[in-house]
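So the protein sequences, as listed, match chains A and B. Quick note on this note's numbering: the first sequence kicks off at 656 and runs consecutively. Quick note on this note's numbering: the second sequence kicks off at 656 and runs consecutively.
These aren't lab readings, by the way, just hints derived from the structure by calculation. From the three backbone atoms N, C-alpha and C, an ideal C-beta is built for every residue, glycine too. Possibly wrong hints are sitting among the right ones.
[Claimed, not checked] Output of the computed footprint for chain A on chain B, the stretches with three or more beta carbons under 8 Å from beta carbons of chain A:
(1) 671 to 685
(2) 750 to 760
[What the hints assert, rightly or not] Take a look, some chain B residues computed to stay more than 10 Å from chain A by CB distance:
(3) Arg662
(4) Ala667
(5) Ser689
(6) Gly690
(7) His691
(8) Pro693
(9) Gly718
(10) Gln722
(11) Val728
(12) Thr729
There are 2 protein chains.
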Amino acid sequence: MNGFHYRIGQIAEQAGVTTRTLRYYQELGLLEPSGHSPGGARRYSEQDLTKVKRIRELQELMGFDLQAIRTIVTAEARLQQLREEYLAGADVPRRHEIVREAIRINDDLRAEVRARLGRIRGFLDDLNSKAARYRRLLRSTEPAAAGR
Amino acid sequence: MNGFHYRIGQIAEQAGVTTRTLRYYQELGLLEPSGHSPGGARRYSEQDLTKVKRIRELQELMGFDLQAIRTIVTAEARLQQLREEYLAGADVPRRHEIVREAIRINDDLRAEVRARLGRIRGFLDDLNSKAARYRRLLRSTEPAAAGR
DNA sequence: GACGATGTTAACGTAAGCGTTAAGTTCGAG
DNA sequence: CTCGAACTTAACGCTTACGTTAACATCGTC
């Protein structure tokens with residue numbers, strides 16, 4: 656059902672990384688390919704591609720190292736696992752446990768993202784007021800120029 | 656007038672870095688101490704501390720490497736130089752040139768910061784909708800619970 | 001079934017950003 | 001003037017996140 660027909664080179668290109676990077680992520684336990692060819696070559700799914708892009712986002716936008724990212728994606732994989740258990744009709748206490756953990760991880764991450772967002776906003780505000788100052792300075796040396 | 660009485664260890668502590676980091680920044684031409692003691696020890700000013708913090712912000716918030724940061728802080732140092740020339744009564748075309756360059760650098764940086772801000776916002780939106788889904792999932796398995 | 005493109009593992013290499021150590025010098029309080 | 005804390009340069013070390021190369025296997029198209 657869930658197809659995994661993509662080769663490593665294709666996923667690498669789509670994600671904007673190299674094949675080395677994908678193998679390295681696997682080494683770290685960050686991203687296991689969804690399947691393998693008869694001969695043993697890695698085969699990836701579209702979900703895998705999404706995961707790679709997510710890892711990159713966490714790296715570039717949040718500046719996390721791969722160990723921290725592993726914690727996050729592991730938690731998310733657990734939720735995926737829950738969905739399967741859920742569909743298979745797992746016992747309720749177990750479901751609760753996993754969802755609560757997912758919520759906790761998600762909330763932590765959200766808090767960090769929000770904090771970062773705030774800091775960047777402040778940084779941008781600084782830049783904006785600097786920009787205004789620069790332009791005032793420019794106008795003050797060029798007082799008689801009308802709009803063009 | 657402009658005092659530079661701080662020792663490297665004090666600045667390092669204030670900025671949350673080590674002395675090694677400050678010396679490394681100097682190696683890279685990122686931050687020259689404002690002065691020296693008679694014996695040759697580095698002496699920093701409060702402005703220097705501000706610069707260090709700025710470098711750290713560009714590193715942590717924007718993910719720039721130190722080479723890119725060097726370009727930015729160099730441009731800002733040029734503006735500082737302008738102020739001195741300005742006060743000394745430099746010729747107008749030169750002032751224009753430098754201010755325009757400062758504006759260009761500032762605008763480029765602002766564009767990058769805004770882009771990053773947008774991406775992080777999108778990322779946060781994703782997390783928020785995920786959070787909502789998780790909580791719905793939790794409520795669906797716990798239908799009869801009132802507020803506690 | 002040939003064969004070029006693409007894949008495999010294993011190993012060493014590399015750049016950035018400092019950490020650490022060594023061996024000596026200077027600072028400043030008493 | 002002394003003496004411990006803080007500084008100096010110089011050099012090698014270390015971690016992360018891959019890049020690169022070698023030597024070989026497999027894929028899939030003709």
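Hint by hint, here is what the structure shows:
1. Under a criterion of three residues with beta carbons nearer than 8 Å to beta carbons of chain A, the stated coverage of the stretch 671 to 685 of chain B fails, only 0 such residues being counted.
2. With 6 residues carrying a beta carbon less than 8 Å from a beta carbon of chain A, the stretch 750 to 760 of chain B meets the three-residue requirement, and the given coverage holds.
3. For arginine 662 of chain B, the condition that its CB be more than 10 Å from all CB atoms of chain A holds, with the nearest at approximately 28 Å.
4. Residue-level check passed: alanine 667 of chain B sits 22 Å from the nearest beta carbon of chain A, beyond 10 Å.
5. Its beta-carbon lying about 21 Å from the closest one in chain A, serine 689 of chain B satisfies the requirement of being farther than 10 Å from that chain.
6. At roughly 26 Å, the least C-beta separation between glycine 690 of chain B and chain A is larger than 10 Å, which holds for a residue marked as non-interface.
7. The beta carbon of histidine 691 of chain B is kept farther than 10 Å from every beta carbon of chain A, the shortest such distance being approximately 30 Å.
8. Distance to chain A confirms proline 693 of chain B as a non-interface residue, since its nearest Cβ pair spans about 37 Å, more than 10 Å.
9. Some Cβ of chain A comes within 10 Å of the Cβ of glycine 718 of chain B; the nearest lies about 6 Å off, and the non-interface call is violated.
10. Every CB of chain A lies more than 10 Å from the CB of glutamine 722 of chain B, the least distance being 17 Å, so the non-interface label holds.
11. Chain A leaves valine 728 of chain B outside its interface by the beta-carbon criterion, the shortest separation being 13 Å against a cut-off of 10 Å.
12. The beta carbon of threonine 729 of chain B is kept farther than 10 Å from every beta carbon of chain A, the shortest such distance being approximately 16 Å.
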